[in-house]
Amino acid sequence: QNELTELDINKSEGFLSLYSPNAIYINLKVEKSSKENEYILKFASTSSQRDYYPEMLKVNDEEISKDKIIGRLIVKTGNKAELHWVGLHNTKKNKLEFVGDDFLLIRENGGKHPIMLEKCN
Numbered sequence: 190q191n192e193l194t195e196l197d198i199n200k201s202e203g204f205l206s207l208y209s210p211n212a213i214y215i216n217l218k219v220e221k222s223s224k225e226n227e228y229i230l231k232f233a234s235t236s237s238q239r240d241y242y243p244e245m246l247k248v249n250d251e252e253i254s255k256d257k258i259i260g261r262l263i264v265k266t267g268n269k270a271e272l273h274w275v276g277l278h279n280t281k282k283n284k285l286e287f288v289g290d291d292f293l294l295i296r297e298n299g300g301k302h303p304i305m306l307e308k309c310n
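According to the numbering used here, the stretch in the sequence shown is residues 190 to 310, in order.
Read the hints as simulated data drawn from the structure, not as lab findings. There are no misleading hints in this set.
In silico lysine-lysine, BS3-like type, Cα no more than 27 Å apart, as pairs:
{"id": "1", "residue 1": "Lys269", "residue 2": "Lys257"}
{"id": "2", "residue 1": "Lys231", "residue 2": "Lys257"}
{"id": "3", "residue 1": "Lys265", "residue 2": "Lys221"}
{"id": "4", "residue 1": "Lys265", "residue 2": "Lys218"}
Have a look at the derived ranges for each label pair, beta carbon to beta carbon:
{"id": "5", "residue 1": "Asp197", "residue 2": "His273", "range": "17 to 25 Å"}
{"id": "6", "residue 1": "Glu307", "residue 2": "Asn283", "range": "29 to 37 Å"}
{"id": "7", "residue 1": "Asp240", "residue 2": "Asn279", "range": "17 to 25 Å"}
{"id": "8", "residue 1": "Ser222", "residue 2": "Met305", "range": "15 to 23 Å"}
{"id": "9", "residue 1": "Met245", "residue 2": "Thr266", "range": "33 to 41 Å"}
{"id": "10", "residue 1": "Asn226", "residue 2": "Lys281", "range": "33 to 41 Å"}
{"id": "11", "residue 1": "Glu244", "residue 2": "Lys284", "range": "16 to 24 Å"}
{"id": "12", "residue 1": "Gly289", "residue 2": "Asn249", "range": "17 to 25 Å"}
{"id": "13", "residue 1": "Asp240", "residue 2": "Lys265", "range": "36 to 44 Å"}
{"id": "14", "residue 1": "Arg239", "residue 2": "Gly267", "range": "32 to 40 Å"}
If you're wondering where the values come from, they're calculated on a predicted model, not measured in any experiment. Backbone N, C-alpha and C define an ideal beta-carbon position, used for all residues, glycine too.
Just need the whole structure built from these sequences, with the hints factored in.
Quick look at the structure:
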């Protein structure tokens with residue numbers, strides 16, 4: 190609603206605003222879960238990324254797992270969905286990145302998790 194973040198899914202692909210100060214956007218792989226109305230999100234690549242602040246978070250595509258689940262999207266009734274965010278799995282550092290307030294949607298949601306989403310018109 191605030192138009193600062195974006196999550197756009199079209200069948201098996203998606204696009205997500207990950208982080209604001211360095212304007213990081215990632216491409217997603219979207220897979221249907223075995224659970225009803227649930228979809229699994231995985232990292233595909235960095236769509237675009239700016240380096241306004243070199244000391245701030247960035248994504249190195251080579252270090253992020255493309256196999257691990259980064260989030261789950263559960264479609265609810267009334268054009269709503271619930272995003273259960275996990276974070277990006279950095280295989281080189283062996284840790285999760287872009288968790289908590291480092292993930293723009295969680296920050297904008299006042300730190301609440303899961304994140305309730307409403308479809309835009």
